[in-house]
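Asker: Chains as they are written, first to last, in my numbering: chain H, 1 to 339; chain R, 1 to 232.
Read the hints as simulated data drawn from the structure, not as lab findings.
Backbone N, C-alpha and C define an ideal beta-carbon position, used for all residues, glycine too.
Do not take every clue at face value.
Pair ranges (Cβ atoms, derived) [claimed, not checked]: (1) R/GLY195 - H/ARG173: 21 to 27 Å; (2) R/GLY88 - H/GLY104: 48 to 54 Å; (3) H/SER59 - R/PRO69: 29 to 35 Å.
Part of the chain R face toward chain H, derived, beta carbon under 10 Å [to be verified]: (4) ARG83; (5) SER84; (6) GLY175; (7) THR181; (8) ALA187; (9) LEU190; (10) GLU191; (11) THR192; (12) ARG193; (13) ARG194; (14) ASN196.
Letter by letter, the chains look like this.
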Amino acid sequence: MIEPISSAVARATLSAGIISLMAMLLAGCTAGSDRALVLATTTSVDDSGLLTHLLQSYSASSPSTKVRPLAVGSGEALELGRRGDADLLLVHSPMAEDEFMASGHGEMRASIMYNDFVVVGPPDDPADVAGAGTPARAFRAVAEAGLPFLSRGDESGTHRREREIWSDSGTPRAASWYLEAGQGMGPLLQMASERRAYTLTDRATFYAMQPRLDLDVLYEGDPLLRNVYSVILVRKSSAAPAATQLFRWLASEAGGEAIAAFRDGIGRQLFYPVPGTQAAWESASIPEEEWAEQGAPAMTGRRGLARGTDTADEHGLSEVRRRFLCRSVPPRLAEAPCD
Amino acid sequence: MNPLGEAFRLLTSGDLLLWEIVLRSLYVSGTALGLATLIGLPIGAAVGLSSFRLRRPTIAIVNTGLALPPVVVGLAVYLVLSRSGPLGPLELLYSPGAMILAQTVIAAPYVAAISLAAASELPGDLQLQARALGASRPEAIFLTLREARTSLLAAVAAGFGAIISEVGAVMIVGGNILGETRVMTTAIVLETRRGNFGFAIALGAILLGMALAINLLLVSIGRAGLRRPWSS
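Bound-form chain H, shown alone (with noise of 0.2 Å):
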């Protein structure tokens, strides 16, 4: 069949339309010499709206700063930090964050902020994890009872402390009731209340998604779920002068209180400021002693933890996390063992 000639010209304008506009809009994109800073948070910072207040407080002292932020896992964050996709990370992950520093990824960091993870599952705690005494006898108990147990799975700063605490337990994890989903905290959390299940979460999360969640928290309080964020300058950023200036910002006193002033919808506080942040930073280029010496309050070494050195003390910690858990936060939430 022939085609009428009007309708062929008209689509071959059309499409030779199509073309030169995709043509420069891609152009626009990469043209653009102030290119958009890239801050890649974890999840639990978006979903709280920790993260919008932050960048609005900040926005208002510095306006001209375009920041896109990518809420992902620390796992996720870190890995676009090693490839130079992302500018600034602001994680929750301190071994996987070690290693990061280690291997030369990033040129500075600083513990800004903390808050703690809870053990979360059905309101009638079949498992009894309440009364459990710590994190590792929590999760014994509901691997004990054969209760499902749901895990983040994706390497996030939350599956890390997970994984931890599962071998401080010291309990084989079965396929029957140990599921691994990779999903982010929310969609996890909506998971666990659906499938009457426990989990492990950060507390700002929780409270964000209470609501609509049929779920409790069932043990808190233990220094081994101490959560701690830090703000992570990489090497390979292509937005250096923007991102670091926002990293000053971040561990700032002016930062810190932007922290310590958000509230979620019903007025709590969800993240709490490190106090005198902005000494403690930690810069590749400073050899570790240096720190030691000058008694740096925030972080470990640069080079990360050694862990075949690491020995476990009566309360199931090695002597390397209880000091990284005791030093990183002002003891308010660390009672036990720390001195």
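Given chain H, work out where chain R should sit, using these hints.
Answerer: Then chain R, alone, in the frame of chain H:
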């Protein structure tokens, strides 16, 4: 090891985790396709072969089904299967059953719309002729549809293509649980996020291979279709 090399190693070494995910994808999408064919084919054939007053609006509705975004189907199935939803007591959410249900809803309009088009294209007097030669009414319908068998197979293949590569609905209603509801597409999302590119590329290659196989099938069906006696 670079991701491509890792992907090649996974594909050639018979990695259990990888093939378990591939098999689950085939199981979920294959079952959904079977159900979608049972629903879509009769609807498409019935509307295509008959003439009734609301035929045109019916065709419009079936074709709109093609435009159903999978995530919206996922959302609807989630709400129905959720503990507070009407089918909550079945406890199907986050199980392969939920994924099959969602994919059936996505694939059925494909099967229905394409078989409807195929049935409409058949010459109207074919059934009449069969009846005149002594076939009963069901026999006549069967004989008529047999003439469109290549197009009907294309309808089924198109339905499969639509669901095997779908990620939105299975993520929402399946939950991407390792060993239970993790399929190729949701695994690719997760492994890319984890920076585990080798695994993601290996699954992507298998998915592409399946798409290629389906399209080769469609092309050969199309060629066979050209030899239909009346399309001269």
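Asker: Going through the earlier hints one by one, which of them does the structure break, listed in rising order?
Answerer: none
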